[in-house]
Amino acid sequence: MALTGTAAALHEAADRIDEAARRLGTADPGAPAFGASGAGRLGELGRALHLSWLRAQDARVSEASAHAQRVRQLAELVARASAGLAEADRSARDQGETDSQPGVA
Amino acid sequence: MDALAQVAPVAQPLLNDVDNALATLGAPPAHPVWRHLRSLQATPAQTVRGFVDMDPHHLRAAAATLREQAQSYTQASIPGAGPWDGAAAEHYAVTAATVRDHLASDRADSMVGRLRALASAVADLADWQQSSRDALAGALAGALMSRQAMTVRSHPAVGSSLGAATGRPATDGLAEAVLAAADIGAALLSVAQDAVAAAQRLVAPLEALDELRYAPPAFTDPIGYGSTIRLY
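Protein chains in written order, with the working numbering: chain A, 1 to 105; chain B, 1 to 232.
Don't read these hints as lab results, they were simulated from the structure.
This structure is a prediction, so every number in the text was calculated from the model and none was measured.
Hints may contain errors.
[Stated by the list, open to error] Sample of chain B residues at the chain A side, in silico, Cβ under 7 angstroms:
| id | residue |
| --- | --- |
| 1 | 41 |
| 2 | 52 |
| 3 | 53 |
| 4 | 59 |
| 5 | 65 |
| 6 | 69 |
| 7 | 74 |
| 8 | 76 |
| 9 | 194 |
| 10 | 210 |
Cβ atoms here follow ideal geometry from the backbone N, Cα and C, with glycine treated the same way.
Between the sequences and the hints, there should be enough to build the whole structure, so can you do that?
And the structure:
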């Protein structure tokens with residue numbers, strides 16, 4: 001895979017992880033689904049379970065957001081390396097053409 | 001529609017009478033219903049309502065979303081070594097492998113592992129809700145067909161509608177009606193208390209799923225200006 005292809009694949013992976021973060025952020029079924037609207041101990045249990053779920057959900061969203069950024073940074077590094085190589089390649093080609101022109105020192 | 005959704009509306013008048021009897025007439029001092037009421041801090045009707053309102057389908061949908069995202073992570077492509085060589089390429093390959101493992105290795109301490117564990121914990125909660133609802137539906141059906149239900153429903157001081165129609169004096173058989181209401185309350189609350197106790201084991205797996213920390217690769221030879229990339 002060429003460097004530009006690697007960078008594109010990394011950007012695609014970052015987009016996928018970003019989309020996962022967005023979808024995970026909307027996955028909360030709501031407190032009543034955990035029994036939080038119940039009375040007494042049952043309601044307390046439901047509220048505790050919902051709170052634990054929210055923390056676990058937030059953790060998954062944070063993991064995804066941070067990792068998408070990480071993958072994007074990796075893609076940018078590869079893209080910069082690719083651009084540097086292309087520039088070096090162009091310079092070498094230009095130099096070669098200049099060298100091959102008669103009368104140019 | 002599961003058994004609880006079907007039986008709960010039928011049982012509502014009886015539950016109202018049981019709550020009313022407990023609130024206005026009490027129960028024998030040593031009756032187990034007092035222990036259950038103290039423990040659950042809710043009446044039989046309130047407790048049944050709490051389970052009726054818990055629909056496991058919502059949690060199953062959340063678990064399915066988590067599993068879909070885990071699958072999506074496994075499909076994300078983090079290319080490994082490419083058609084180039086040199087120190088920068090080696091650093092890239094090591095970093096890409098670390099990023100890939102953090103995202104989607106089979107280990108529990110990967111993002112996929114955390115998502116699957118959370119999906120499993122939520123699915124376990126849904127299973128618990130369903131088994132609790134089924135157990136409570138069985139207890140409610142048993143209560144509806146019990147001798148105690150007939151006693152409660154037919155007493156003028158306790159039964160909200162049927163009792164008044166009997167024309168009996170309110171004091172006639174009152175002790176039996178109060179005891180019958182307490183028996184029904186205890187039978188239902190006992191099932192609910194077992195369910196709440198069983199749910200305690202489901203809290204820890206959820207709480208254990210804190211944020212996974214990324215450990216970047218430790219390079220001893222940082223890329224310098226002298227590094228080269230050689231294309232194949």
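Against the structure, the hints:
Of the supplied interface hints, the one on residue 41 of chain B holds, with its beta-carbon coming within about 3 angstroms of a beta-carbon of chain A, less than 7 angstroms. Annotation: interface hint on residue 52 of chain B violated; nearest CB of chain A at approximately 9 angstroms, more than 7 angstroms. For residue 53 of chain B, the interface hint holds, since its Cβ comes within 7 angstroms of a Cβ in chain A; the closest pair sits about 6 angstroms apart. This hint holds: residue 59 of chain B has a C-beta 6 angstroms from the nearest C-beta of chain A, less than the 7 angstroms allowed.
At a threshold of 7 angstroms, the smallest CB-CB gap from residue 65 of chain B to chain A is about 5 angstroms, leaving the interface hint in force. With a cut of 7 angstroms, the hint placing residue 69 of chain B at the interface with chain A holds, because the nearest CB-to-CB distance is about 5 angstroms. Annotation: interface hint on residue 74 of chain B violated; nearest CB of chain A at approximately 11 angstroms, more than 7 angstroms. Restraint check, residue 76 of chain B versus chain A: the minimum CB separation of about 4 angstroms is within 7 angstroms; hint holds.
Given hint, residue 194 of chain B at the interface with chain A, is violated; its Cβ is 12 angstroms from that chain's nearest Cβ, farther than 7 angstroms. Among the interface hints, the one on residue 210 of chain B holds; its C-beta lies about 6 angstroms from the nearest C-beta in chain A, closer than the 7 angstroms criterion.
Violated hints for the displayed structure, listed by number in ascending order: 2, 7, 9.
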